[in-house]
Structure formats: structure tokens, C-alpha cells
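There are 2 protein chains.
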Amino acid sequence: MEAAIGALSESGWAGATMTVIAERAGVSRGACQHHFPTRADLVAAAVEYVGHQQVEAVIRKADKLPADARRTEAILHMLAGIYLSPVFTAAVQLWVAAVADAELRAQLAPLEARVGREFHRLTVQLLDVDDSDAEVRELIQATLDLIRGLALANLLRDDSARRKKVLHRWSLTLEKALSARRSQRA
Amino acid sequence: MEAAIGALSESGWAGATMTVIAERAGVSRGACQHHFPTRADLVAAAVEYVGHQQVEAVIRKADKLPADARRTEAILHMLAGIYLSPVFTAAVQLWVAAVADAELRAQLAPLEARVGREFHRLTVQLLDVDDSDAEVRELIQATLDLIRGLALANLLRDDSARRKKVLHRWSLTLEKALSARRSQRA
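These protein sequence lines map, in sequence, to chains B and S.
What the first sequence shows, in my numbering, is residues -12 to 173, in sequence order.
What the second sequence shows, in my numbering, is residues -12 to 173, in sequence order.
These are computed hints drawn from the structure, not numbers from a lab.
Careful, some of the hints might be misleading.
Just so you know, same-sequence chains aren't split out, so a pair can sit in one copy or run between any two.
[What the hints assert, rightly or not] Below are the DSSO-like pairs computed for lysine-lysine, each with C-alpha atoms no more than 30 Å apart in a straight line:
{"hint": "1", "residue 1": "LYS51", "residue 2": "LYS163"}
{"hint": "2", "residue 1": "LYS151", "residue 2": "LYS48"}
{"hint": "3", "residue 1": "LYS152", "residue 2": "LYS51"}
{"hint": "4", "residue 1": "LYS151", "residue 2": "LYS163"}
{"hint": "5", "residue 1": "LYS152", "residue 2": "LYS163"}
Small disclaimer: the values here were computed from a predicted structure and weren't measured.
Next up, chain B with everything else stripped away, as it sits in the complex (with noise of 0.2 Å):
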């Protein structure tokens, strides 16, 4: 799994082959072939696999997010986190490779749903909001969107001392629209 997310982070989907990748992580190209039919399969996997795995290790550091006003801002950078690793560029490759490919890109759209809606449920737990309410709802939205256009400005530089003003902007802005929704509700 790693080495699928490492090959398509560095080489794209036309460097990922399945030979490529088998060598990587020290198999045999027939190993591989038995568990994944084909390359578009394994990938796919990795990419579910190794994004749940982030998600996971961001629930079990949950519980030394601060309390305080600093909390939400903790959890921005936190998300942030997951959407600059590798795994996120890997996904990035396989994105734009499907624009020219229909059969890779009817098997990425449910992959994409599912990582979507995960990554949606973990920011609302962390920011314990009511998302049944639309206006909630569609901040969270924007929030994610928000990250990811970050994680995509930095795949040519580094970009991180201009991500942390905009996402300590950001996290003002969302918890001033997320309080102001929690006292109407109370």
C-alpha cells in the first residue's frame, strides 16, 4: 500500500506501473497481480487504505487538542496535516489521470465519496457541531474545500507560513459563524 502511494505521489499514474510498484515493495509482480487484478485496483485501495490510516492516527491524537479558544484552529492544522502527506498527492495523480480516462474514473468516484464523507464525519466530531444543521453543514464543507485547495498551493513549494495565517484567519471566521449557530440553537 505504501509503496503504490509512494510511486504515484513521485511518478504519477503512467510511472506507477504495477511492476514498478511490486519492486518497491520488495514483491513479486505476480504477488501483486494475485491480491489486485489490476493496477487501477491496487491503487484505488492504497489510496482508501492509507487516507483511513491518517484519519485513525488523527482520532487517536484527538484527545491533546486543546479545550480552550485554540481548539479549532488545533484541528485545522490537524486536518491539514493529512491532505499534505503523500497520500494526497498520490490522489492528486490519479484525479487528473482519470480526467482523460472514464473506466479509472467510474472507479474512483466511489472511493472519493467514501474518503469525502470520513474525512467529513471526523471534522464534525472534532469540532462537535450539529451537522443535520444546513448552514453547519456547508461551513464544514467549505472548510475542507478550504484544505484542500491549501494542500494543492503547496505541492510546488512550501507553502506553510502563508497556510498558517489564512488557516488561523479561517478558523476565526468559522468558530464566530459556528458559535453564533451553537446560542441560536441553545
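Using the hints, position chain S against chain B.
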């Protein structure tokens, strides 16, 4: 330029060879190479030129924007329109190719900075805000990162219904934050 964007957005960096682009443009490979010594020169010029043209097109349409409360939302939709075009797909194809290619990355970094500044200036101009205010500047940056994230989400499928809701919600939140800054300065 359009041929380069088309080839790049559909076939990626690996597929958008000088021969493919020249064929698509209906010119000889030699004519292409006369103007652009390398493929990286050609595609970088294409992304910058087409991106700039789209900014110009938005400026031309700016006087049709509503002057009332719906203005901010209309501006966000106009900006999202630029990111939803093939030039964004082409740019993402270039970015992911550059992850593994230091030479391409060095060539793209100043281009990305220039295009980023142009989009930022356009947004400041349309929203008619004071960019020397750090809070305003960070809110504008967050808005553009959000729009980039939304564009990425649209690569695999038509995400317009969800995007509309997210942009509506963010336009209300952004407008409230910008108004607060405006009245503090007044």
C-alpha cells in the same frame, strides 16, 4: 496556446508532447520549436496566456455584476468559473508532473506566483476592499484557496450543486467579515 492547454488538460504532461500539441494546433513541430525551445516553455507560456485571458474576460464582465447584497456571491461564482475551465486542469497536470521534476518545478514556481498575484489583485478589485489590511488579505487568500479546492473536487464529477451551496454560505460569511472591517475603518 489553446492546443497546448487542450492536450495538457486531457493527456497530462506525459501525453502533451510537442508533436501532439503542434498537430492539434495545425502547425509544424518546427514552427512550434522556433517559438518555444522546450515543451516546458510552451506549456508554461500557454497556462500564463490563457489564465491571463480569462482574468481579462472577468474584468470585461465586471460591470454586469449586481451592486446589491448578491454582489459578493456573484463575484465568487465568476472567479470559480475561471478555475473550472480546462486551464485549471492543465495547471494541475503541470503541478503534479513537477512534483517529480525539479527543472519543471523551477520553471513553474515564478509563473504560479505571477498568476496567483493576478488573481488576488482581481479579487481585491472586484470586492473593492483594502488589501493592506492583513485580515482582509487573509480572507481573500482563503477565498481563493477555497475556490481552488472546489475546482479540484470538480475534476472527477459535476460538483456544481454542492459548490453552489458552499459558495453561497462562504459569500455570506465573507461579506459579514469584510463589512465588519469596512465599518471599523470608516
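Outcome of the hint check:
1. LYS51 - LYS163: Classified as within: same-chain Cα gap 23 Å, cross-chain 32 Å, threshold 30 Å.
2. LYS151 - LYS48: Cα proximity of LYS151 and LYS48: one copy only (20 Å, versus 34 Å across).
3. LYS152 - LYS51: For LYS152 and LYS51, the Cα distance is within 30 Å only inside one copy (22 Å; across copies 33 Å).
4. LYS151 - LYS163: Intra 18 Å, inter 22 Å, cutoff 30 Å: intra and inter.
5. LYS152 - LYS163: The answer is both: 17 Å in one copy and 19 Å across copies each meet 30 Å.
This entry satisfies every hint, going by the numbered hints stated previously.
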